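Engineer: Protein chains in written order, with numbering that gives the first Met the number 0: chain A, 0 to 225; chain B, 0 to 455.
Treat the hints loosely; a few may be bogus.
Ranges of calculated distance between the beta carbons of each label pair, as one might list FRET restraints [said to hold, decoys possible]: (1) B:67 / A:73: 49 to 57 Å; (2) A:28 / B:322: 46 to 54 Å; (3) A:0 / B:59: 40 to 48 Å; (4) A:2 / B:222: 30 to 38 Å; (5) A:58 / B:62: 49 to 57 Å; (6) A:85 / B:224: 21 to 29 Å; (7) A:73 / B:402: 44 to 52 Å; (8) B:227 / A:73: 34 to 42 Å; (9) A:0 / B:15: 28 to 36 Å; (10) A:73 / B:358: 32 to 40 Å; (11) A:58 / B:321: 50 to 58 Å.
Rough simulated footprint, nothing fancy, chain A against chain B, three-plus residues with beta-carbon under 8 Å [unchecked claim]: (12) 364-374; (13) 395-401.
Note that these hints are calculated values from the structure, not bench results. These numbers come from a predicted model, not from an experiment. Idealized CB from N, CA, C, for every residue including glycine.
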Amino acid sequence: MQPLAVVRLGTVPYAEAFALQRRLVEARQADAIEDVLLLLEHPPTITHHNTGRGLENLRVGVEELAARGVALEPTDRGGNVTLHAPGQLLGYPILRLRDHDLHGYLRSLEEVLIRAAAALGAETARVPGRTGTWLPDGSAKLAAIGVKASRWVTLHGFAMNVSTDLGLFDLIVPCGIADAGVTSLRRLGLDASVSAARDAVEAAFAQVFDAEVSQPSDALCTLLPP
Amino acid sequence: MTTDVLLPGLGESITEGTIVRWLKQVGDAVARDENLVEVETDKISTEVPSPAAGVLLAIRVPVGTTADVGTVIAVLGEAGDAVQAAAPAPSIDAPPAAPPPAPSSNASAITRPGGAAPTAPPSAPDARNRQARDSGELKLFVSPVVRRLAREQDVDLGQLEGTGAGGRVTRRDLEAFVAGGGGGSGFTAPPGGYVPGLKMPVGGFGGRLPFDRATPARFAPEVWEGDRTEPLSGLGRAMAEHMAYTWWRAPHVSTIIEVDMSAVGRHRKATRAGGGPSLSYTACVSWALARALAEHGTFNASLTDDHRRVLHGSVNLGVAVAKPDGGLLVPVVHGAGALGLEQFAAALGALVDKARRGAMTAADLRGGTFTLTNVGSNGNLASMPLINQPQVGILAIGAIQKRVVVVTDASGEDAIAIRPMMYVTLTYDHRANDGAASGRLLRDLKKRLESWNPQG
Numbered sequence: 000m001q002p003l004a005v006v007r008l009g010t011v012p013y014a015e016a017f018a019l020q021r022r023l024v025e026a027r028q029a030d031a032i033e034d035v036l037l038l039l040e041h042p043p044t045i046t047h048h049n050t051g052r053g054l055e056n057l058r059v060g061v062e063e064l065a066a067r068g069v070a071l072e073p074t075d076r077g078g079n080v081t082l083h084a085p086g087q088l089l090g091y092p093i094l095r096l097r098d099h100d101l102h103g104y105l106r107s108l109e110e111v112l113i114r115a116a117a118a119l120g121a122e123t124a125r126v127p128g129r130t131g132t133w134l135p136d137g138s139a140k141l142a143a144i145g146v147k148a149s150r151w152v153t154l155h156g157f158a159m160n161v162s163t164d165l166g167l168f169d170l171i172v173p174c175g176i177a178d179a180g181v182t183s184l185r186r187l188g189l190d191a192s193v194s195a196a197r198d199a200v201e202a203a204f205a206q207v208f209d210a211e212v213s214q215p216s217d218a219l220c221t222l223l224p225p
Numbered sequence: 000m001t002t003d004v005l006l007p008g009l010g011e012s013i014t015e016g017t018i019v020r021w022l023k024q025v026g027d028a029v030a031r032d033e034n035l036v037e038v039e040t041d042k043i044s045t046e047v048p049s050p051a052a053g054v055l056l057a058i059r060v061p062v063g064t065t066a067d068v069g070t071v072i073a074v075l076g077e078a079g080d081a082v083q084a085a086a087p088a089p090s091i092d093a094p095p096a097a098p099p100p101a102p103s104s105n106a107s108a109i110t111r112p113g114g115a116a117p118t119a120p121p122s123a124p125d126a127r128n129r130q131a132r133d134s135g136e137l138k139l140f141v142s143p144v145v146r147r148l149a150r151e152q153d154v155d156l157g158q159l160e161g162t163g164a165g166g167r168v169t170r171r172d173l174e175a176f177v178a179g180g181g182g183g184s185g186f187t188a189p190p191g192g193y194v195p196g197l198k199m200p201v202g203g204f205g206g207r208l209p210f211d212r213a214t215p216a217r218f219a220p221e222v223w224e225g226d227r228t229e230p231l232s233g234l235g236r237a238m239a240e241h242m243a244y245t246w247w248r249a250p251h252v253s254t255i256i257e258v259d260m261s262a263v264g265r266h267r268k269a270t271r272a273g274g275g276p277s278l279s280y281t282a283c284v285s286w287a288l289a290r291a292l293a294e295h296g297t298f299n300a301s302l303t304d305d306h307r308r309v310l311h312g313s314v315n316l317g318v319a320v321a322k323p324d325g326g327l328l329v330p331v332v333h334g335a336g337a338l339g340l341e342q343f344a345a346a347l348g349a350l351v352d353k354a355r356r357g358a359m360t361a362a363d364l365r366g367g368t369f370t371l372t373n374v375g376s377n378g379n380l381a382s383m384p385l386i387n388q389p390q391v392g393i394l395a396i397g398a399i400q401k402r403v404v405v406v407t408d409a410s411g412e413d414a415i416a417i418r419p420m421m422y423v424t425l426t427y428d429h430r431a432n433d434g435a436a437s438g439r440l441l442r443d444l445k446k447r448l449e450s451w452n453p454q455g
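With these hints in hand, go ahead and build the complete structure from the sequences.
Structural biologist: Below, the structure is given as structure tokens:
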């Protein structure tokens, strides 16, 4: 089993978490650190691809975003525009993909989310062609996935809506998919907390990726924010 | 000779990918394994490294286009080919496409002079050159190396007088121009600024230091026969970046005071004789410093980019600890300003022990508001340390040495005495505090140590 350091960061501004990930990816590529799973939340933030792609899926102007306290941040993960806000659990795995299979990785992340959701009381499923974790009837998405890999080391990851203010999703066309909605564990009538979701995701992640959760190494600690 | 770059297989079920962005432009030099292009498939994007070293001659699949795995997406070639590719369309007036001047030994894969037998230009002239030619910008031929160096150093090549064949701007011309003060400074403020509360510069400026650019060629190290090159460890690189950042970021000023450690020494001895815990000098000075910092709040602080000072409510004192296998860690005693001496010493002792065992956790290293470093372990007397960003000060203590000093007795008579003396250096960020404030902190610390009161 591979060692995996699970780092719980609390609420971190998007740009800060992005920079941290890039630092960790570089260290992981150099084999200076072990595989890492960052678990965190973001303040209200809309992310779009740094080539500008996806901005057409914003439903309001930049001024309104600012007025509503929502940051707009460029990123470089796969996928379209998306929204982060408190109550949404982010998981950013910095993993070396030993089997060099990007789609296999996406399917594994879906498996983690389906198992974690099940542990929290929600039945979810895959929808072919629509990466993420969906209600079984495909009407709404519980968790979104957007990933990047560089030299087979991953960054970015998944976002599971636990108690997110779903009204904020009206600001965008989530992931550019206009004909389906977004849901949360709370919307499904479950009394789940982000902290319970963290535990469920950590357990499912270790299971699916056959990893042994261990204390972060010194080298990793020096790269983490205090 | 050219090399085709194919869209690689990215996983069992993946048959196609979409070009998100080219990380190199036509005419750019590419090292083997350097990232060349970003490709996206489904919800995952990945960087594809170059299969060979050379120069990017042509891009066959533009951004936004989806291609099957195995499609030729670009063509790489050698420096000689690149000369043709990067030059304006040949004309009778064009100077001969001589190879670029020999690069210094470290230029590695960028060019290979000598192999410049002109070959046919690539079939598709690239857009950048066409545009440059149309705008009349490229009056003279410039080698890709020189163009890249010019870009890195913010030099407009039009400003230079070329001394090469046909008035060509050579690398030497560029270097001479830059050495003479031309070109941009290269120093710009980080876009997001430094984020207080982060020990390492991980936030706010995109993971890249504002000054972190390619080393100008004239400063690149030369590697001679018998030399050995080794990569820095992760910890080593983190330190290098952090130290370079702090040096760039904060105007450091150091002030030194000398302290008579007799009273602290007597207390240590008495504690040990009374069956109490063993108190190290580092623990005693750190504790006194934490107490002093609680009263000199402007040193227990951080600065923000919008010119505000964050005065931390708690003194979280980091104490630098050398690891047995090399490297340095700075575990943090949280709430140090409110701890009693023995509590503090116990907390510090536990952290030092953990650091030496390699059992530090992230929580032990987080949240420091000020740092102390003991440089005396090898008999060193004083040091001017660099500040641990985003803190605004650091204290260095040197070796305690018995020295002959002049003391004044109770009746006002001067006498020569032998006393254990120690130099204490306060290095502070002059944006956050001035010399008078730093002098007061040092005087206070000296007083606490010389008239030692273990009850605080």
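Engineer: Now look at each hint and say whether the structure bears it out.
Structural biologist: Hints, verified against the model:
1. B:67 / A:73: 49 to 57 Å: violated (29 Å)
2. A:28 / B:322: 46 to 54 Å: Since residue 28 of chain A and residue 322 of chain B have Cβ atoms about 24 Å apart, the given range 46 to 54 Å is violated.
3. A:0 / B:59: 40 to 48 Å: Distance hint for residue 0 of chain A, residue 59 of chain B holds at roughly 43 Å.
4. A:2 / B:222: 30 to 38 Å: holds (36 Å)
5. A:58 / B:62: 49 to 57 Å: Roughly 26 Å apart at Cβ, these two residues miss the hinted range, so it is violated.
6. A:85 / B:224: 21 to 29 Å: violated (60 Å)
7. A:73 / B:402: 44 to 52 Å: violated (59 Å)
8. B:227 / A:73: 34 to 42 Å: holds (41 Å)
9. A:0 / B:15: 28 to 36 Å: holds (34 Å)
10. A:73 / B:358: 32 to 40 Å: holds (39 Å)
11. A:58 / B:321: 50 to 58 Å: holds (56 Å)
12. 364-374: Since 4 is at least three, the answer is holds.
13. 395-401: violated (count 0)
Hint compliance for this structure: hints 1, 2, 5, 6, 7, 13 are broken, all remaining hints hold.
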